[in-house]
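*Asks:* Residue numbers (the numbering used here), protein chains in the order written: chain S, 14 to 328; chain V, 2 to 284; chain Y, 1483 to 1814.
None of the hints are false.
Stretch by stretch, here's where chain S covers chain Y in the computed footprint (C-beta under 8 angstroms, at least three residues): (1) 1532 to 1539; (2) 1559 to 1572; (3) 1580 to 1586; (4) 1593 to 1603.
Treat the hints as calculated values from the structure; they're not laboratory data.
Ideal Cβ placement from N, Cα and C applies to all residues, glycine included.
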Amino acid sequence: MLGYTIRRCLSVVPVMFVVSIIVFLLVHLTPGNPAHIILGEDASPEAVAQLEEQLGLNDPWYIQFFDWLKQVVTGDLGTSVFSAQPVTELIFANFGPTFSLMILSLLFIMVISIPLAILIVSLRKTILDPLFTSASLLGVSIPEFWLAILLVLGLGVSIPIFPVAGYMPLAEGFGSWLYHLLLPAFVLAIVEIGIISRMLRDSMLDSVNQDYTKTARAKGVRERDVLMKHVFANALIPTTTVLSATVAGLLGGTVIIETLFTIPGIGQLLIDSIHRRDYPVIQGVVLFIAAIYVLVNLMVDLLYAFLDPRIRYDE
Amino acid sequence: MMSQKRNLIALAIFLLIALGTITANLWLPLSPVAIDAEQRLLAPSAAHWFGTDDFGRDIFARVVVAARVSLAVGVIVAIIATVVGTLIGLISGYFRKTDFILMRIVDGFLAFPALLLALALVAALGGSITNIVIALTIAFFPVMSRVVRSAVLQIKNAQYIEAAKTTGTNNFVIIFRYVLPNVLSPIIVQSTFIFAKAILAEAALSFLGVGVNPSTPTWGNMLQESQIYITIAPWFSIFPGVAIVITVLSLNILGDGLRDAFDPHSIQKKKKKRRPKQTAPAA
Amino acid sequence: MLEVKDLHVHLETPAGLVKAVDGVSFRLEAGQTIGIVGESGSGKSVLAHSLTMLNPEPPATYPKGEILFQGENILTMDKRRLRSMRGKEIAMIFQDPMSSLNPVFKIGKQLMEAIQTHQKLSKKEAQQKAIELLTDVGIPDPERRMQSYPHQFSGGMRQRVLIAIALAARPKLLIADEPTTALDVTIQAQIIELLKSIQQKYGTAIIMITHDLGVVANLADRILVMYAGKIVESASTADIFYKTAMPYTWSLLRSIPRLDAGASERLLHIEGQPPNLIDPPQGCNFHPRCPFARDACLQEDPPLGERGSGHLAACILSQTEFEKEKKGVLLS
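Here chain S stands alone, though its shape is the one from the complex (with noise of 0.2 angstroms):
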């Protein structure tokens, strides 16, 4: 397990260089000069000239991506085009409500997902299950942001129970906090659990039949506790592979909730600087949330080889 971890968090390295690679080149894939992009076409020679200077668009590529690579590894994403504030503070300031969003949505999945898949195992033998089978898949099937319009219509503006827009920060209290953040995280949950639930459900399904449920059952131990231990513990860990996945879509997902719900994110970051054409910050936030991802998927890979005792006790 201890050369595992090693050989897995050393495996971090590469994949970070290549990222940063990927991030770097994205403002040099920019057909025409980023320096006119951003500043406009009618901007003065000298204005084009400066930023050029400033974005280092003047040396070799190479020298260019090992300047950059050397400051990004200092924590230095470089400062904004657009209001000139260093882009690590941009994230920084932004980064509270989407934590925040992911947080509540990941417990949204927990506290439904496990239940719904029990649920829907132990009824396994009813019309529930195809009915679930289907639902699932109609849920990876709906776009989130469609999904978000209709609820936003349906419980935000015909019913105002919830707000449709803002965000206040945990500081200001914690119920205006969960308040404003409910129907958006729920929005971004959605699709999410239809995939965890599904794959616990297979999972949950494909362990029920299995010889050690049989001893189990040959105990004499509860139906219930058959599922909710022996199948469940068992289920867990094949789960967990998809939680990077689900990670995933809730990183990408978060464009576009807070860009309707309005929330001062970090895809609203995003969403502004691409409008903007504001590259370093464009940049920066693609890299953190990519940072971010990869240190997602080195945890669960590790909570996964903690999880399964075959591969725990392996040396």
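Starting from the known structure of chain S, arrange chains V and Y on it as the hints suggest.
*Replies:* Quick look at chains V and Y alone, frame taken from chain S:
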């Protein structure tokens, strides 16, 4: 048996949508582009089945025509991502020496949530249909590479491949004659899911305003336009969304059905691999 | 103690109705050991699982018959009572020790679950009991081994753990469904010795399911031979071996290598496949594979008939006719 019927229905619906949009010019009673200021935001009626939009255009006609762009983007992304991903997966799985470097690159791409990578790429490249196809292909090929690679690793030591090797058969002949046909089923399943995901992603990009030119009717563009009329003209938002759901759902059902058809024990297999890449449909 | 009366168990498969157990009756007294022998597909495993209703339902149904355990009918028992019987009165061990333990729980936890399901014991007491049980089944260093996971055990050791789990509540009856099939030959013998010693120590009745007559030869008091869902011969172990009265049993015996076999006795294998239970043959189920089949066998399905005290066989041939036929085959 029941699922068999479900798969056939899904296939029929998908083909109907595809044929319907391809032949739209031949049968659409109303123009998708004719503007009529008198007829703005009309509710669904016998004349306008899905109502009209903010320019008085027939929403039904627009939904039908919009399918062209969405399906075209989806199918082209699915094909290119499949070809690129499969090639990388085959090479990486078959030649151990290339594996490390290729997989690190693939891992690098996988380190971005797909939608986010596509978003950033479109932001850099600019929002044309070609650039969206490029961006989505880059976003979706890595998963395919992973799937193909692990399938190749599973069969690589099979006897028929060992036998071909010992007779001195050229590696590329082995890859295309013996390896590829045996990893085809996960490729087909995965490409169906990529098709579905690409349609969703294209809609999301258009909705975020970085996608296909807003004047082109696509489902995502229609939803973007309809947003502000949500309370006074809900049908404007509902129908394009339903079109997306039906199309993507039929693809997901097909993918699911194909996976079951190819491999009745797909669930068990998932469990055995150390860290299998997800093959479930995902948004 | 246990009386099975005219038991029918059906499996509803997509291909059709399988009569996996088709009118089986037998008795088992306390402390007795019986062996149920048959090929795979003979219904012996379904029969074993029926005794505590552990067949997955669907596909299994129990359309007819009774399973009386100490006078109570298991088939009509309510769920709670049935659960309290499982493990406590009737315990079971299964064929594949590699998959019969839950891979994600420690051995100790799984054993203690069996102990605590039926006995109100503190954790400490249960632990103590678990250690005793593991010692009983011959697991060295039980205290430490409780902390191990199943994958850290060999197949034979896992089967010992499963036997310990089965014995946790001192059941009156232990059903062993092919407990040695998945194990190496030397380990097989050890497990059989263990079962024997358990029987002597606790007086547990044992039903041993196997496809291998050799396995039950020196363990069982009585042997039931099953074929196509029916019992075709039932006798004391000695009678099965030395006064064989049914051609199928005889074929089974001829298919195992024996050290005491004369040079004239060739090793035979049974031709053909067990019958398709969705559409069984007319007449006697065994006739398509029977070396002594005659025209009457195509029409008549002979019931179990008396062949001596406590010796039943289902064959159209009388014992003398059968002896004559056997000689004929041996001479040819």
